[in-house]
Each structure stands twice: as structure tokens, then as C-alpha cells.
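Given next are the chains, with one letter for each unit.
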Amino acid sequence: MARGFRLSTELVAGVLVGAAFGWGLDYLLGISPWGMIVFLLLGFAAGVLNVMRAAGVAPSGPLDRKR
Amino acid sequence: MDPIHQFEIKNLLPIIRIGGTEIAFTNSALFMLIALGLILALMLGATRSRALVPGRLQATAEIVYEFVADTLRSSAGQEGMKFFPLVFSIFVFILVLNVMGIIPYAFTVTSHIIITVAFALLVFLTVVIYGFWRNGLRFLKLFVPSGIPIYILPLVTAIEVMSFFSRPVSHSVRLFANMLAGHITLKVFGGFVVMLGGLGFLGWLGAALPLALTTVLTALELLVALLQAYVFAILTCIYLNDAVHPGH
Chain F
1 MARGFRLSTE LVAGVLVGAA FGWGLDYLLG ISPWGMIVFL LLGFAAGVLN VMRAAGVAPS
61 GPLDRKR
Chain W
1001 MDPIHQFEIK NLLPIIRIGG TEIAFTNSAL FMLIALGLIL ALMLGATRSR ALVPGRLQAT
1061 AEIVYEFVAD TLRSSAGQEG MKFFPLVFSI FVFILVLNVM GIIPYAFTVT SHIIITVAFA
1121 LLVFLTVVIY GFWRNGLRFL KLFVPSGIPI YILPLVTAIE VMSFFSRPVS HSVRLFANML
1181 AGHITLKVFG GFVVMLGGLG FLGWLGAALP LALTTVLTAL ELLVALLQAY VFAILTCIYL
1241 NDAVHPGH
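Chains F and W, in that order, are what the protein sequence lines are. Our numbering puts the first residue of the first sequence at 1, with every later residue one more than the last. Our numbering puts the first residue of the second sequence at 1001, with every later residue one more than the last.
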């Protein structure tokens, strides 16, 4: 359960941060809804990347790729 | 019977106003002070005799020290050891707060997201500020993986940035949600015992099952309390590693 919990938090965190960035940019620049659309997708991608890193499927960063 | 009731914040002392700021002494603050007192007592008691062959207290403190030092050294290298005081404080403080929360009637400070967010932001800002201070703009290499074709590099960089900013979120939510969910589960099963017990003899028989589950869950909660403190500390080490050695 702990593992599943960890992976789901990673995905949700990515999407949440994407939504927050998109909303903030929309609010500041008045480009609604484009910021939300673009950053929600980016956030989802970041969330999937986080999950893959947490699960050990993807290397954990630029540093580890060298090793 | 209300499983959420245990997380209620109460004012213990009248609110003091300094300038425009209200300073309240809550049960959360009280338990943080108790944890601080326990840690101080353990550490002072452990270092009092400074024996070559450690006594029980000294051995405990030495095990905790070795454990945190090994964790930090293996993930952030020798250079990361300058963050040892930070990591050690965070680990021991969260550990004591988590374990204290299992004691009946005690308040679980780490089950409030504001506390875990404060810890996670402390780590996050340390990484960002120290990373820029030590590496300058080279710190930004963290977001640019090497060996990526130039036409998808902007996209990959954007995703890496989002991934970086989602760190404090998952870092804080994991500790908070684990503590919250575990304590609610315990309270719900405890509530079943009382409710079934009120039904008479057959109820008592039925109440044995949730009672056994509560016992098992308490042991599980102890494991979760230790594990989550460790997970928080090791993630702190991994993030600090990025500040010390951003992508070469």
C-alpha cells in the first residue's frame, strides 16, 4: 500500500503543480485558457515522469544518466 | 466517535498580539515543545558521560547519528555532510512527532499539512538558494538533460522544471497523508469496537474482530511512523544532492 500511495502522490503532485502554474499564468497574463491547457498537459507529463522515476523505471535525473 | 476530532487545533493560552500578528499557543505547539524537550533530554543525556564503551542512551544517540550520516553520505556524498545538522534535525524531529502521535490522547503534529509543507519548503528553498549560491547559473543544468535532440529539448526542459516544482508538493503530501490516513483508520476501527460493544453479548463477540484489527493496525502505524520519517529524510538527502552536484 505504501508503494502505491507514493506513486499516486507523485502523479497528483505533478498535475497539481501544472494546474497551479497554468492558473497563475492565466491570471497574470490574461491568456485564459491557454496557460491552463498547456501547463496542465506539461504537469501531467511531469507527473508521469515522477512516477516512472519513483518506480525506478526511468533514471532519476541528468546526473544518474552519466553513471 | 468522530474520527476527525483528534486533529482539532485548540488554543491553550490566550492569544497574544505583537504588532498586527496574533501569536497563539495551540496543542500543536505544545506537542512540538514536548518533542523538542524529549530530543534535548535524549541528546544531552547521551552525551553527558561520553564513555568509550557507550551506555544505553549513548548507544541510541550514536545509532541515530550513524544512520543519518550514512544515509546522507551515500546519497549526497562527503560534500553533502555540511547539511548534516539540517537533515538530522528534520529526521529526529519528525520521527519523535510521528511516534508520539501513536500514544493515545496525544496530538499528531505531522498530520497537519501546514507543518509538513513548512518542512518541505524549508528543504526546497535550501536546495534552490544553496544551488544558485554555489553553482551560479550552472544550477540550471539540472533541468537540461544531456544527449537529448535539440528539437525536443525545450519540451523536455519544461517537463523537468514542472517535475522539480512538484517535489515539495509530493514531499509534504506523502508524510501528511500517511499520518492522517493511518490515524483516521485507527479511530474508525476503535469506533467500531465501541459501537458493537454497545449491542450486548453478541456485540461483544463481534467487537473482538475490530479490536484485533486495531491492535494490528497500531503496530502497522508504528512502522509507518518510522518509515515516513526515514522517507522524508532520504528524499531530503536526494534533493540536497541536486544542490551540491547539479548535472555535469
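Calculated from the structure, these hints are not laboratory results. Be a bit skeptical, because a hint or two may be false.
Claimed, not checked - Rough simulated footprint, nothing fancy, chain F against chain W, three-plus residues with beta-carbon under 8 angstroms:
| # | stretch |
| --- | --- |
| 1 | 1021-1027 |
| 2 | 1058-1070 |
Unchecked claim - Simulated restraints, written as ranges between beta carbons of each label pair:
| # | chain 1 | residue 1 | chain 2 | residue 2 | range |
| --- | --- | --- | --- | --- | --- |
| 3 | F | TYR27 | W | LYS1082 | 33 to 41 angstroms |
| 4 | W | GLY1037 | F | TRP23 | 25 to 33 angstroms |
| 5 | F | ALA58 | W | ALA1181 | 25 to 33 angstroms |
| 6 | F | TRP23 | W | ARG1073 | 15 to 23 angstroms |
| 7 | F | LEU41 | W | THR1215 | 43 to 51 angstroms |
| 8 | F | ALA55 | W | ALA1024 | 37 to 45 angstroms |
| 9 | F | ALA58 | W | ILE1004 | 36 to 44 angstroms |
| 10 | F | LEU41 | W | LEU1226 | 57 to 65 angstroms |
| 11 | W | ALA1208 | F | TRP34 | 54 to 62 angstroms |
No residue lacks a Cβ here, since even glycine has one placed at the ideal position from N, Cα and C.
Do the beta carbons of ALA58(F) and ALA1181(W) sit within 25 to 33 angstroms of each other? Distance hint for ALA58(F), ALA1181(W) holds at roughly 27 angstroms.
Evaluate the given range 43 to 51 angstroms for the C-beta pair formed by LEU41(F) and THR1215(W). holds, 47 angstroms
Verdict on chain F covering the stretch 1058-1070 of chain W, criterion of 3 CB contacts below 8 angstroms: violated (count 0)
Go ahead and decide if the range 57 to 65 angstroms is satisfied by the Cβ distance of LEU41(F) to LEU1226(W). With Cβ atoms ~38 angstroms apart, the hint is violated.
Tell me whether the statement that chain F covers the stretch 1021-1027 of chain W is true, taking a Cβ distance below 8 angstroms and needing three residues at minimum. With 0 residues closer than 8 angstroms to chain F, the stretch 1021-1027 of chain W misses the three-residue bar; violated.
Range hint 54 to 62 angstroms (beta carbons of ALA1208(W) and TRP34(F)) holds or violated: holds, 60 angstroms
For the range 15 to 23 angstroms, tell me whether the beta carbons of TRP23(F) and ARG1073(W) fit it or not. For ARG1073(W) against TRP23(F), whose Cβ atoms are near 41 angstroms apart, the range 15 to 23 angstroms is violated.
Can the suggested window of 33 to 41 angstroms be confirmed for the beta-carbon pair TYR27(F) and LYS1082(W)? The hint (33 to 41 angstroms, Cβ to Cβ) holds, given that TYR27(F) and LYS1082(W) are roughly 39 angstroms apart.
Within 25 to 33 angstroms or not, the Cβ separation of GLY1037(W) and TRP23(F)? violated, 43 angstroms
Using the Cβ atoms, figure out if ALA55(F) sits within 37 to 45 angstroms of ALA1024(W). holds, 42 angstroms
Is the gap between the beta carbons of ALA58(F) and ILE1004(W) within 36 to 44 angstroms? Given about 38 angstroms between the Cβ atoms, the range holds.
Against the hints set out earlier in the document, violations occur for numbers 1, 2, 4, 6 and 10.
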